[in-house]
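Colleague: Each chain is listed here by its residues.
There are 2 protein chains.
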Amino acid sequence: MNNMCTATYRLHDDRADFRKKAESIAVGMTVGSWTELPQAKREAMQKHLGEVISVDVHEAEGMAPGERYADITIGYPDVNFSRDIPALLVTVFGKISMDGRIKLTKLGFSDGFLSAFPGPKFGLNGVRDLLGVHDRPLLMSIFKSVIGLDADELREQFIRQALGGVDLIKDDEILFENKLTPIEKRVEVCMQAAEQARKETGKKLLYAANLTGPTSRLKQQAERAISAGANALLFNVLSYGYDVLHELSSDPDINVPIMAHPALAGALYPSPHYGISASVLLGQLMRLAGADLVLFPSPYGSVTMPKEENMAITEQLLSPGLPVRTSMPVPSAGIHPGLVPLILRDFGTDVIVNAGGGIHGHPMGTEAGGRAFLQAIEAAQRSIPLAQYAAEHPELKSALDLWGGER
Amino acid sequence: MNNMCTATYRLHDDRADFRKKAESIAVGMTVGSWTELPQAKREAMQKHLGEVISVDVHEAEGMAPGERYADITIGYPDVNFSRDIPALLVTVFGKISMDGRIKLTKLGFSDGFLSAFPGPKFGLNGVRDLLGVHDRPLLMSIFKSVIGLDADELREQFIRQALGGVDLIKDDEILFENKLTPIEKRVEVCMQAAEQARKETGKKLLYAANLTGPTSRLKQQAERAISAGANALLFNVLSYGYDVLHELSSDPDINVPIMAHPALAGALYPSPHYGISASVLLGQLMRLAGADLVLFPSPYGSVTMPKEENMAITEQLLSPGLPVRTSMPVPSAGIHPGLVPLILRDFGTDVIVNAGGGIHGHPMGTEAGGRAFLQAIEAAQRSIPLAQYAAEHPELKSALDLWGGER
Chain P
1 MNNMCTATYR
11 LHDDRADFRK
21 KAESIAVGMT
31 VGSWTELPQA
41 KREAMQKHLG
51 EVISVDVHEA
61 EGMAPGERYA
71 DITIGYPDVN
81 FSRDIPALLV
91 TVFGKISMDG
101 RIKLTKLGFS
111 DGFLSAFPGP
121 KFGLNGVRDL
131 LGVHDRPLLM
141 SIFKSVIGLD
151 ADELREQFIR
161 QALGGVDLIK
171 DDEILFENKL
181 TPIEKRVEVC
191 MQAAEQARKE
201 TGKKLLYAAN
211 LTGPTSRLKQ
221 QAERAISAGA
231 NALLFNVLSY
241 GYDVLHELSS
251 DPDINVPIMA
261 HPALAGALYP
271 SPHYGISASV
281 LLGQLMRLAG
291 ADLVLFPSPY
301 GSVTMPKEEN
311 MAITEQLLSP
321 GLPVRTSMPV
331 PSAGIHPGLV
341 PLILRDFGTD
351 VIVNAGGGIH
361 GHPMGTEAGG
371 RAFLQAIEAA
381 QRSIPLAQYA
391 AEHPELKSAL
401 DLWGGER
Chain R
1 MNNMCTATYR
11 LHDDRADFRK
21 KAESIAVGMT
31 VGSWTELPQA
41 KREAMQKHLG
51 EVISVDVHEA
61 EGMAPGERYA
71 DITIGYPDVN
81 FSRDIPALLV
91 TVFGKISMDG
101 RIKLTKLGFS
111 DGFLSAFPGP
121 KFGLNGVRDL
131 LGVHDRPLLM
141 SIFKSVIGLD
151 ADELREQFIR
161 QALGGVDLIK
171 DDEILFENKL
181 TPIEKRVEVC
191 MQAAEQARKE
201 TGKKLLYAAN
211 LTGPTSRLKQ
221 QAERAISAGA
231 NALLFNVLSY
241 GYDVLHELSS
251 DPDINVPIMA
261 HPALAGALYP
271 SPHYGISASV
281 LLGQLMRLAG
291 ADLVLFPSPY
301 GSVTMPKEEN
311 MAITEQLLSP
321 GLPVRTSMPV
331 PSAGIHPGLV
341 PLILRDFGTD
351 VIVNAGGGIH
361 GHPMGTEAGG
371 RAFLQAIEAA
381 QRSIPLAQYA
391 AEHPELKSAL
401 DLWGGER
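Here the protein sequences come in this chain order: P and R. Just so you know, we're using the working numbering here: the first sequence kicks off at 1 and counts up by one. Just so you know, we're using the working numbering here: the second sequence kicks off at 1 and counts up by one.
Be aware that a few hints might be false.
Any copy, or any two copies together, can satisfy a pair, since identical chains are not distinguished.
Claimed, not checked - Derived EDC-like pairs (lysine to aspartate or glutamate); straight-line CA-CA distance at most 20 Å:
| id | residue 1 | residue 2 |
| --- | --- | --- |
| 1 | Lys41 | Asp150 |
| 2 | Lys144 | Glu367 |
| 3 | Lys47 | Asp150 |
| 4 | Lys199 | Glu367 |
| 5 | Lys219 | Asp251 |
| 6 | Lys179 | Glu43 |
| 7 | Lys144 | Asp99 |
| 8 | Lys47 | Asp172 |
| 9 | Lys307 | Asp346 |
| 10 | Lys20 | Glu59 |
| 11 | Lys41 | Glu153 |
| 12 | Lys121 | Glu223 |
| 13 | Lys41 | Glu156 |
| 14 | Lys20 | Glu51 |
| 15 | Lys144 | Asp172 |
| 16 | Lys179 | Glu36 |
| 17 | Lys47 | Glu177 |
| 18 | Lys20 | Glu36 |
Worth flagging that the hints you see were computed from the coordinates, not collected in a lab.
Put together the whole structure using the sequences plus the hints.
Modeller: The following block contains the structure:
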């Protein structure tokens, strides 16, 4: 499909003629009307006309009300819209998002459209290169309860995480610009702590500082953070729009990886009838817009997303079908060391094991929390049962005693 | 509530202890933990702690599964977040949007938070002042099927709408920057046509040109459009984020009304279990961010929204509780002259009657389509039954014959 982008929708309707509905979308969202057009006009408009690519109706006798649905794919000629994500989304889901039970489940990008998107600047491999770690899952820890902390308290929390041997540390996404720990101060203090920890651990570390505030000042804020030493950024993409991420990630001056947080995504993906699938929101669009790392709710913890949706996101982040770098998947929330073998089974090696409470809540302290995870990763990669490995690794043993093993 | 913003959620759960859930939100989305904190630390953190303001559980014996719910209001101290909409949304609905069946149904703004928002630059009265019309609903028409049209065809369609006597004409929201009719050319051609029509009708007219393209260039694009003569702008707010609207609307150089289009809103509001209510999305946030006019799906037409949601949006757009100008409600889609008495009954005089097909599809042509609406407005305001008024007004009669009267 080299001159049109496609959108696939799931429509629920007990009676609709889905083929007719598909045709009305293809015409209504492009040239507006067709059958009324005079022949000469039709020829001129042909290149603008949407195309029904497929209509798969799922129905069976005796289906309960509300269960009948169809998956419909429509092609939208590139010539109709500009090469940016707002234009694509308004074209394929602007008006029809409001037209009954319809959910956007997949996008297809034409080569022309893709040409405007350099994608992630580092991507999965670039992040690994920065850290010098290529043979195992990465380990990330999240600042916990940082609202109201001053710079000294932040430094103290940072260094305990860093000494535990994590590869990445991220800000809490609800930490905004504030007087106690403005971004430059925060970065300065944390990067000093990182350097201090490195002398003990010998490990590199990325710290993702949260980029917040007015849209027009984000670039400047990112540059200030980078000048202060930031080597990664965290960004609440959905509260700003994908185009803002796209502009930041494709800016040559912003030369550090960007981590996309899924905040607000739950307003869009969980309903079977409405919204936008997680694999589009947190998979296709995040990668296209240039996120190097993408967080999403893991299938294991308290805030959960079904495993098949996790897999669908990951497939999009890693798919060779997109001619841009791959993005690193970061299943998050509710992660403790006992889950590591499951994470590796489900995601393989190219994943970030990301924990907050599972590190800070370790009975022997935050530092031991990091170590317990590294031990679990080591064991899982060597196919050693965690319980066995724990016999000689007290931090892992303590974690398993508290949180249990694989569920 | 002068030092905290509030958020109200509807949670569906058959078994949850909603009071406990409310407390976990209030703590989890602010200071992170509380019961574990030592007393001295608690004193320091008190000002950051979220507050459970109310928990209203709706349950009854014999309720069907899935029906039990609670409305929960939480207060979030201003000190925790910066004064911008992304920060507010991430604070109140970032992570918890992904935590089960939860919908954001209302926001409450503190005085401090509000102080960062000048609101609509013109608002309902300012738009009326620009047009010199204060005593009746305004009439707007929408370009139809403009993709693929060149500047001459656009001018032709514009002038037919203008000659019909409409007060406002808006671009199609799916018309992006394109070679045939780039925004400056479009504005120039349309404003010339407006001037030409004015000589016949004696009426002023606002033309809302669609602002599209990369986020960082929207301001410049708006200024180019304004230099070319644009006297209003259309903006697909949800594809860019509320903060972008806020920055545009509060920019002193963008001195024309901004019309907010609801494209993509249907991905967020229709589910009873997830997302964000239409009254928050298209009511509270659009007005706060500075939209002078706000479109939303009417309860009358093909793409519909329940009437109570229309009323809830309108209440937020017009509420005297917000210390900024009011925004003009524009119920849209499926509007024909026969519906005008209903629109006036439901919305009163401060509303825009907005039609596309109901104008362009008039049997006597687009110009007659505009006149039929003006006749219907005249009749409805004088409490004359449309059928009676139509006896002496052929355009109205023809419209009623085709589309019928009130439903």
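Colleague: Failing hints, ascending?
Modeller: Per hint list: single violation, 16.
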